[in-house]
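Read top to bottom, the protein sequences are chains A and B. According to the numbering used here, the first sequence holds residues 4 to 288 in order. According to the numbering used here, the second sequence holds residues 3 to 216 in order.
Hints were generated in silico from the structure; no laboratory data involved. Honestly, I wouldn't trust all of these hints.
[Claimed, not checked] When the alpha-carbon atoms are kept at most 20 Å apart in a straight line, the in silico SDA-like pairs for lysine to any residue are as follows:
hint	chain 1	residue 1	chain 2	residue 2
1	B	45	A	218
2	B	45	A	250
3	B	204	B	68
4	B	82	B	119
5	B	45	A	127
6	B	45	A	235
7	B	45	A	205
8	B	204	A	224
9	B	212	A	223
10	B	82	A	174
11	B	204	A	220
12	B	208	A	220
13	B	208	A	218
14	B	212	A	232
15	B	207	A	229
16	B	82	A	180
17	B	45	A	180
18	B	204	A	124
19	B	207	A	228
20	B	45	B	25
21	B	207	A	235
22	B	45	A	232
23	B	82	A	176
24	B	204	A	232
25	B	207	A	232
26	B	45	A	192
27	B	207	A	124
28	B	82	A	146
29	B	204	A	217
30	B	208	A	235
31	B	45	A	225
32	B	204	B	134
33	B	45	A	215
34	B	45	B	82
35	B	45	B	186
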Amino acid sequence: MRASGGGEAGIERAPGEAGRAFGKVGPGRATGTAKAAEAAAAAAAAAVSDGAALGAVDVREGVLGLDPRTHVLAVAAFGVASVVLVGLLETALLQAAAALYLAGNGRARLALRSCASFAVVCGLSFLPLPGLYGVLFVSLMHMVPPFTAGCALFSLSPSAIMCALARWRVPRRALVGVCMLFRFASALPFEARSIVRGIRMRGIFPRALDAVLHPALVYECLYTPLVMRCLRLSAELAASAELRGIEADGGRTSVHHVGLGARDALVAAAVVAVCVGLCAGEGLA
Amino acid sequence: MESNADGRAGKVVPAGANRWTMRDVMTFVIFNIVIIMVTMIVKMAEDAVLSPQNTFFVGSWLFPLVSTPFYLVMADRIGKRGVLSGSILLFGILYTFMGGVYCAPVAVAGAVVGELAMWGRGAYRSIMRAAAGFFVYWATFACYGIVPYLLFRDAYMEQLGAYYSASDVAAMVAQYTELPWILLMLALFAAGTALGAVVGAKFLKKHVRKAKIA
Chain A
4 MRASGGGEAG
14 IERAPGEAGR
24 AFGKVGPGRA
34 TGTAKAAEAA
44 AAAAAAAVSD
54 GAALGAVDVR
64 EGVLGLDPRT
74 HVLAVAAFGV
84 ASVVLVGLLE
94 TALLQAAAAL
104 YLAGNGRARL
114 ALRSCASFAV
124 VCGLSFLPLP
134 GLYGVLFVSL
144 MHMVPPFTAG
154 CALFSLSPSA
164 IMCALARWRV
174 PRRALVGVCM
184 LFRFASALPF
194 EARSIVRGIR
204 MRGIFPRALD
214 AVLHPALVYE
224 CLYTPLVMRC
234 LRLSAELAAS
244 AELRGIEADG
254 GRTSVHHVGL
264 GARDALVAAA
274 VVAVCVGLCA
284 GEGLA
Chain B
3 MESNADGRAG
13 KVVPAGANRW
23 TMRDVMTFVI
33 FNIVIIMVTM
43 IVKMAEDAVL
53 SPQNTFFVGS
63 WLFPLVSTPF
73 YLVMADRIGK
83 RGVLSGSILL
93 FGILYTFMGG
103 VYCAPVAVAG
113 AVVGELAMWG
123 RGAYRSIMRA
133 AAGFFVYWAT
143 FACYGIVPYL
153 LFRDAYMEQL
163 GAYYSASDVA
173 AMVAQYTELP
183 WILLMLALFA
193 AGTALGAVVG
203 AKFLKKHVRK
213 AKIA
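Next comes chain A alone, as it looks inside the complex (with noise of 0.2 Å):
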């Protein structure tokens, strides 16, 4: 079975009361029958022993390790402030005030792709194309700023997402939803890649033109295997979540830092300082 919204194995648990297992299975509540009863009591009795091993856990993501909701401030920061600016230099700043973010938060690696798009898109731009065809790289341009202090949220395990929202009296569905966002959006890929497998084993189209000369055809041979993957997809996952108690009553805590302190209202008072400044800049030059 595939893993479930709320599901790392042993990430979540209800503080405090790791002897009742809330934090993995709510009790009678997953399918009523004898397996899926002997399946849970498993469950419940894994969580007693990974909620006492974790009890003091904290781990944070690099020399920052800031909360989610800090993400989301830099990220409307950086937004807004990738939309007023204009010039090239500006926008290059930003950039690397936004990867700087990005790598603060353990994502070196990223922070430096991010930036190394940033330059290609930023030479596609100068391309000498005719009319308007270089606009879309204008545009891409100006969303890589945003988008790099967003991975810093994008890259951070859904439990730590849940537990930051959770704060925030997200209803508990919402947050589902969020994290099977997350765990979703990056096996969609794979779904569609065995829909296309599937289709080249059994010949439908030989060749590559036979698919552009029948579009149609190629638009219903994704749709219907696709659409019926995701139904049966839907079905497993919430029976997964269910048994594994994402309904369980409790608070809901995580291995992973979440909790808003002095370093993330100095980090967000500095984000939005460079932010505000080269707009300011940018307008008095």
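Dock chain B against the given chain A, drawing on the hints supplied.
The following block gives chain B in isolation, referenced to the frame of chain A:
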């Protein structure tokens, strides 16, 4: 609360039937990811082939055409209040995190309008109503393009002016700021959604309901 969970004639809907189950949440998220991914793939292909002035005439009907069949399956399977507003908000949040902070209030307004359009029992299980509601989704999507031009028109023209001829930029900006162009864009979105609904209804009957999965 009166439920619209099941609009099939004569069926009594129990209290609390409008509450989303875990399966509904999973279905909602999975299908929305599919809709967003499909739209993004088509958009990237379109951007690679056509210039920005011409994408206006293709994307406006092509995006709803390819995504409406997926939406109809999701709406049919869940069939509860909040499907449309949630979908609009999700796309809006995605755009917000991709750098369009102005999309957040637009998405909230679109979600409210969309859910009002879907008011009443059985709305999500009626192909016509679901398709009409999905048009609101695309109208909101159109606003993601229009609003920044209205708010930051000068800054954007200045950004592009550094790279391209002023007349080309002005022609493109006009497509998103002048009423006749905006109405044409909305008409293309409506046509695409209607055609997508016809295709989606056929597929829903031919594949999904026959398989008895949804």
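Tested hints:
1. B:45 x A:218: Roughly 16 Å between the alpha carbons, so the hint for residue 45 (chain B) and residue 218 (chain A) holds.
2. B:45 x A:250: 38 Å, violated
3. B:204 x B:68: 14 Å, holds
4. B:82 x B:119: 14 Å, holds
5. B:45 x A:127: 19 Å, holds
6. B:45 x A:235: Not OK: residue 45 (chain B) and residue 235 (chain A) at ~28 Å, beyond 20 Å, violated.
7. B:45 x A:205: 29 Å, violated
8. B:204 x A:224: Holds: residue 204 (chain B) and residue 224 (chain A) sit about 14 Å apart, inside 20 Å.
9. B:212 x A:223: 15 Å, holds
10. B:82 x A:174: 17 Å, holds
11. B:204 x A:220: 14 Å, holds
12. B:208 x A:220: Holds, at about 14 Å.
13. B:208 x A:218: 19 Å, holds
14. B:212 x A:232: 15 Å, holds
15. B:207 x A:229: 16 Å, holds
16. B:82 x A:180: 16 Å, holds
17. B:45 x A:180: With a Cα-Cα distance of about 25 Å, the restraint between residue 45 (chain B) and residue 180 (chain A) is violated, given a limit of 20 Å.
18. B:204 x A:124: 42 Å, violated
19. B:207 x A:228: Holds: residue 207 (chain B) and residue 228 (chain A) sit about 15 Å apart, inside 20 Å.
20. B:45 x B:25: With a Cα-Cα distance of about 30 Å, the restraint between residue 45 (chain B) and residue 25 (chain B) is violated, given a limit of 20 Å.
21. B:207 x A:235: 18 Å, holds
22. B:45 x A:232: The hint is violated at about 24 Å.
23. B:82 x A:176: 14 Å, holds
24. B:204 x A:232: 19 Å, holds
25. B:207 x A:232: Holds - the C-alpha atoms of residue 232 (chain A) and residue 207 (chain B) are around 17 Å apart, at most 20 Å.
26. B:45 x A:192: 17 Å, holds
27. B:207 x A:124: Status violated; Cα separation ~45 Å.
28. B:82 x A:146: 35 Å, violated
29. B:204 x A:217: 18 Å, holds
30. B:208 x A:235: Satisfied, since the Cα-Cα distance of roughly 18 Å is no more than 20 Å.
31. B:45 x A:225: Measuring from Cα to Cα gives roughly 18 Å; hence the hint holds.
32. B:204 x B:134: 17 Å, holds
33. B:45 x A:215: Distance of about 18 Å is within 20 Å: holds.
34. B:45 x B:82: 30 Å, violated
35. B:45 x B:186: Measuring from Cα to Cα gives roughly 19 Å; hence the hint holds.
Checked against the numbered hints given earlier, the structure breaks hints 2, 6, 7, 17, 18, 20, 22, 27, 28, 34 and satisfies all the rest.
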